[in-house]
Amino acid sequence: MKKEIIIIGGGASGVSAALGFVKNGIVPTIIDVGNRMPEGHQAEGNLYDYRKENDLFDLMIGPELKGLSNIIDGTTLSPKLITPFNHYVISGADSLSPVRAENFCAVRSFASGGLAAAWGAGLYRYNRRELEHLPIGPDSLDPYYDLLSKEIGITGCNDDLAPFFGTDTTLMPKFRLSAKASHVYRNYEKKKGKLNRDGIYIGYPRLGVLTRNHKGRNKCDYSNFETWLPDIPWVYNPALTLDELIRKNKINYIDRILVDSWSRRNGRIVIEGNHIDSRAPFSIEAETLVIAAGTINTAKLVLRSKQDTKTRLPILDNPLLQVPLIFPSFLGSPLDRSAFGMTNLNLIYSSPDGGEILQGSIIELTSPPRSVFFENFPVSTGLNLRMIKLVSPAVMAMFLYYPSSDGDAGAVRLTSNHELEITQHDYRTDKKPLKKITRSLSAMGAWTHPLLVKQSKPGYAIHYAGTLPMKEIPASEYETAPDGELFREPGIYIADGSSFSGISSKNLSFTLMANAMRIADRISGKVKKQ
Amino acid sequence: MIKGEAERIYRSIFKKKIPSIVEERFVHASRRIEESATEPELERFRKIITAVSDLAAAEYASRVRGKNPMLVKKFQVMVHLGECMPENYHIFINEKKSVIQTVLILAILPFNSVYKFLKGALLLKLKVR
Numbered sequence: 001m002k003k004e005i006i007i008i009g010g011g012a013s014g015v016s017a018a019l020g021f022v023k024n025g026i027v028p029t030i031i032d033v034g035n036r037m038p039e040g041h042q043a044e045g046n047l048y049d050y051r052k053e054n055d056l057f058d059l060m061i062g063p064e065l066k067g068l069s070n071i072i073d074g075t076t077l078s079p080k081l082i083t084p085f086n087h088y089v090i091s092g093a094d095s096l097s098p099v100r101a102e103n104f105c106a107v108r109s110f111a112s113g114g115l116a117a118a119w120g121a122g123l124y125r126y127n128r129r130e131l132e133h134l135p136i137g138p139d140s141l142d143p144y145y146d147l148l149s150k151e152i153g154i155t156g157c158n159d160d161l162a163p164f165f166g167t168d169t170t171l172m173p174k175f176r177l178s179a180k181a182s183h184v185y186r187n188y189e190k191k192k193g194k195l196n197r198d199g200i201y202i203g204y205p206r207l208g209v210l211t212r213n214h215k216g217r218n219k220c221d222y223s224n225f226e227t228w229l230p231d232i233p234w235v236y237n238p239a240l241t242l243d244e245l246i247r248k249n250k251i252n253y254i255d256r257i258l259v260d261s262w263s264r265r266n267g268r269i270v271i272e273g274n275h276i277d278s279r280a281p282f283s284i285e286a287e288t289l290v291i292a293a294g295t296i297n298t299a300k301l302v303l304r305s306k307q308d309t310k311t312r313l314p315i316l317d318n319p320l321l322q323v324p325l326i327f328p329s330f331l332g333s334p335l336d337r338s339a340f341g342m343t344n345l346n347l348i349y350s351s352p353d354g355g356e357i358l359q360g361s362i363i364e365l366t367s368p369p370r371s372v373f374f375e376n377f378p379v380s381t382g383l384n385l386r387m388i389k390l391v392s393p394a395v396m397a398m399f400l401y402y403p404s405s406d407g408d409a410g411a412v413r414l415t416s417n418h419e420l421e422i423t424q425h426d427y428r429t430d431k432k433p434l435k436k437i438t439r440s441l442s443a444m445g446a447w448t449h450p451l452l453v454k455q456s457k458p459g460y461a462i463h464y465a466g467t468l469p470m471k472e473i474p475a476s477e478y479e480t481a482p483d484g485e486l487f488r489e490p491g492i493y494i495a496d497g498s499s500f501s502g503i504s505s506k507n508l509s510f511t512l513m514a515n516a517m518r519i520a521d522r523i524s525g526k527v528k529k530q
Numbered sequence: 001m002i003k004g005e006a007e008r009i010y011r012s013i014f015k016k017k018i019p020s021i022v023e024e025r026f027v028h029a030s031r032r033i034e035e036s037a038t039e040p041e042l043e044r045f046r047k048i049i050t051a052v053s054d055l056a057a058a059e060y061a062s063r064v065r066g067k068n069p070m071l072v073k074k075f076q077v078m079v080h081l082g083e084c085m086p087e088n089y090h091i092f093i094n095e096k097k098s099v100i101q102t103v104l105i106l107a108i109l110p111f112n113s114v115y116k117f118l119k120g121a122l123l124l125k126l127k128v129r
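Protein sequence lines, in the order shown, are assigned to chains A and B. Each residue of the first sequence is one higher than the last, beginning at 1 in our numbering. Each residue of the second sequence is one higher than the last, beginning at 1 in our numbering.
Only chain B is shown next, with the shape it has when bound in the complex:
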């Protein structure tokens, strides 16, 4: 179960297959997160993982509204674990001047964020009751 969710979360963040070493580390971290979770929290989290198609949107809506802390925590953990990998170096570190790209991103940022928030909130409402 946790391996499956590792794959889904990693793919929704980094858009590629999860390396086995990251998967192993995520399983370890996930168990630690789940130690302090209540059964209803766990159940809701599992439902989100299996039922929601756009996990990144669900995470964003949850993060903004301060809900589903387990989903938010697991995304944060995966970002940290992903950063450890040298193959993801260029996802995190900019080495050349990219002003136009940055301006474009800042321009679409409000629209994209509103769209993702609404999508995530709707998916959570429809799929996870």
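Only chain A is shown next, with the shape it has when bound in the complex:
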């Protein structure tokens, strides 16, 4: 079998690269494992109406007890990834791509849509400062951000965070804030003179969430099922675009294949792997190979193709602090059943002395099961249930992300039995801004204290990057050129987070998607010339 352009991976990067080729009239072939979301749930309406009438076991835990895996197996995954209907996003990863991780939460996906099938949908443009680790500027990404924004449908607004997020004229109307988030926003508006002088800015997030119907998908209905169900139409999942491209015959799609490596034969690239179901060997030839399997899987594929068990590649992720926010004026309030159950607000800390910029996602907790609070309230059992009922409606959480570059990097190595080994030291986060941030949040009615803040295990942010850094002039076999081509590997391009040698505190998903599309555009230009 021969194909001209092959993309490995059907996640956010792979699908964006495919869009880049399609835009140029080229029909690429995506090779993917492509685990599909399970069907068969009966849930509809509002989560809390549903809960009153129905046994939640199949939605929350499931016959294989996936929903209890953090307790039974000691994993530290977000509630969304372990609910039975979302678990397909990570299922099979341990057997398809074994990883031995020391002090690192290595989440891999073989699902159609990749890890973005269960993401928080934060989609942020990188500015010049945030791209300083890459040999490309915002001008070269802007057209692709715009194209993707039209494809996805991004909600947000050009408020006080526009200087950090970029002014965007393609945004959908902002969504309805939860009552607690509105409380913070109102207090911010009243006090923003002083808060801004302290480097604190609050505003709406940019999310791949629909606030009006778009491309046959319904707008958000505030039903709170985001944690529980995979087929929420208003939250963008790259699998939606993938399916549309397949349906319209714009791409070729070969699924149920795990690619192991590439080699070269008579000047062509030979991609080898296995059929997932039959285990039969699989082989295909191409002129151009675009690898977009996700940072961890891409590292494995590259190391394995080069049969290198010695080199340790760097790996980055955003250091992450989890900050609980307690709203005293909401204690004893009824649960906000129609709140938007994802990130409601963003906080930016921009140090007045020009230091690091930190980004906080202020998340409404109305969607996850209530039991997750049980492990977090350090009180006796009986009172714990009362706290869950009466205090948890007054709680939100902020995920505070720090930027990450070489100094924070862990190491990835391929072992002789083809497992990946990831080692990482504990992150050293600067706690000085934290005091200012917690004090400012308390002034806005969201009480918290640095002592309540929990540092997440490395890898928990799932914003992996940096294994194959992009350089203006690559000089080692594990660096890539500005057009994504791997050093001394003509025709082999890297189009996912691997090439980001530094990541800002803002989620890199949108930027890696725009970059994948940019790389596809550059390759298309070369192909057309030939």
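To be clear, the hints were calculated from the coordinates, so they are not data collected in a lab. One or more of the hints may lead you astray.
Estimated spans, in silico, between C-beta atoms of each pair [stated by the list, open to error]: (1) Lys191/A / Pro69/B: 41 to 47 Å; (2) Pro378/A / Ala51/B: 23 to 29 Å; (3) Arg217/A / Val114/B: 50 to 56 Å; (4) Asp142/A / Glu87/B: 51 to 57 Å; (5) Arg217/A / Pro69/B: 41 to 47 Å; (6) Glu7/B / Lys190/A: 52 to 58 Å; (7) Pro450/A / Leu118/B: 26 to 32 Å; (8) Arg428/A / Pro86/B: 54 to 60 Å.
Beta carbons are placed, not taken as given, at the ideal position from N, Cα and C, and that holds for glycine.
Put chain B on the given structure of chain A with help from the hints.
Chain B only, in chain A's frame:
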């Protein structure tokens, strides 16, 4: 044995009889938890279940001190299983303003927690050596 412990744990959390479907699910989850346990851990857990009168206090003392992980895990599992049942909806979800009740609970919380911790620690020391 596991059915008996299911009944005791459920009652100490929810103060009522365990529904048979929850009992069945708990037995399944319990077996999974016990797969990775050592024999001494299992033995100690069984001793706690049979000898300690206030299981919730023992669980709280264990949770605070990072001990008896099997007891702590089984309580957590039971809370999750209990939440699945529509009959427990109002145990987890507040639908009306309850400020006074919340203030009262927050007021007694430190005393109750200290009392339960001491009680649990003492029971574990006296009954489970």
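Hint check:
no.: 1; hint: Lys191/A / Pro69/B: 41 to 47 Å; in the structure: holds (45 Å)
no.: 2; hint: Pro378/A / Ala51/B: 23 to 29 Å; in the structure: holds (25 Å)
no.: 3; hint: Arg217/A / Val114/B: 50 to 56 Å; in the structure: holds (53 Å)
no.: 4; hint: Asp142/A / Glu87/B: 51 to 57 Å; in the structure: holds (55 Å)
no.: 5; hint: Arg217/A / Pro69/B: 41 to 47 Å; in the structure: holds (44 Å)
no.: 6; hint: Glu7/B / Lys190/A: 52 to 58 Å; in the structure: holds (54 Å)
no.: 7; hint: Pro450/A / Leu118/B: 26 to 32 Å; in the structure: holds (29 Å)
no.: 8; hint: Arg428/A / Pro86/B: 54 to 60 Å; in the structure: violated (47 Å)
Taken one by one, the earlier hints fail for this structure only at number 8.
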